[in-house]
Amino acid sequence: MASIQRFRSSPSTSPSHTSPIMFSRRVFSAVAGQALRPQSNPILSSRFAPLQKSFLSTETRSAIDKAVGSAPVVLFMKGTPETPQCGFSRASIQILGLQGVNPQKFTAFNVLEDEELRSGIKEYSDWPTVPQLYVEKEFVGGTDIMMSMHQDGSLAKLLEEKGVLVPAEE
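In our numbering, the protein residues as written are 11 to 180.
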């Protein structure tokens, strides 16, 4: 991975149009019940444990470390803040915009431009999806976590404590 593309921008607040998929209660219960049952065999799990080593190269890890530390607020996303390429990335940008993140303290990286970054960031954070938010080099979470924190006020508190919001006009 030669370099990671970075985009500086203010988070967008344009509306997003996503339609949730609805499941019947019965189907959801059946699927959820099956998902909660243990599926692993302890003998096989220990036998294959050596195969679960990190596939993240030293070069990629170093590049991601540098990217995560490049600004106080870093978002790895699909697309750019101006043109998000998925609804979750758009929602993440909107949440940061609603929170009032200072554009001077924010940067975004488009994982669609580099397959090594796209797969590497997932292993780096041990989080299976993109977008991913980092504040002061600490992994916060994906869109679902951001939304939950936005709704309960903990994201606003975190961002204020870290001093990454646009200063209030006096």
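Accuracy of the hints is not assured; some may be wrong.
As the list claims (entries may be wrong) - Restraint-style ranges between C-beta atoms, simulated for each label pair: (1) 138 <-> 178: 32 to 40 Å; (2) 110 <-> 68: 31 to 39 Å; (3) 162 <-> 67: 17 to 25 Å; (4) 179 <-> 65: 47 to 55 Å; (5) 72 <-> 177: 15 to 23 Å; (6) 113 <-> 69: 25 to 33 Å; (7) 96 <-> 177: 25 to 33 Å; (8) 80 <-> 125: 19 to 27 Å; (9) 173 <-> 108: 13 to 21 Å; (10) 163 <-> 71: 18 to 26 Å; (11) 68 <-> 166: 18 to 26 Å.
These are calculated hints, taken from the structure and not from any lab test. The C-beta atom is built at its ideal place from N, Cα and C for all residues, glycine as well.
Verification of the supplied hints:
Checking the proposed 32 to 40 Å range against residue 138 and residue 178 shows it holds: the Cβ atoms sit about 37 Å from each other. Remark: the range hint 31 to 39 Å for residue 110 to residue 68 is upheld by a beta-carbon distance near 37 Å. Distance hint check: the CB atoms of residue 162 and residue 67 are about 38 Å apart, inconsistent with the given range 17 to 25 Å. Restraint check, residue 179 to residue 65: a C-beta distance of roughly 48 Å satisfies the suggested window 47 to 55 Å.
For residue 72 and residue 177, the hinted distance range of 15 to 23 Å is not satisfied, since their beta carbons lie about 34 Å from each other. In this structure, residue 113 and residue 69 meet the distance hint of 25 to 33 Å, their C-beta atoms being roughly 30 Å apart. The hint said 25 to 33 Å for the Cβ distance between residue 96 and residue 177, and at roughly 31 Å that hint holds. Here the CB-CB span from residue 80 to residue 125 is close to 20 Å, well matched to the stated 19 to 27 Å.
Taking the beta carbon of each, residue 173 and residue 108 are about 18 Å apart, inside 13 to 21 Å as hinted. In this structure the hint that residue 163 and residue 71 lie 18 to 26 Å apart at CB is violated, the actual value being about 34 Å. Between residue 68 and residue 166 the Cβ separation comes to about 37 Å, which falls outside the hinted range of 18 to 26 Å.
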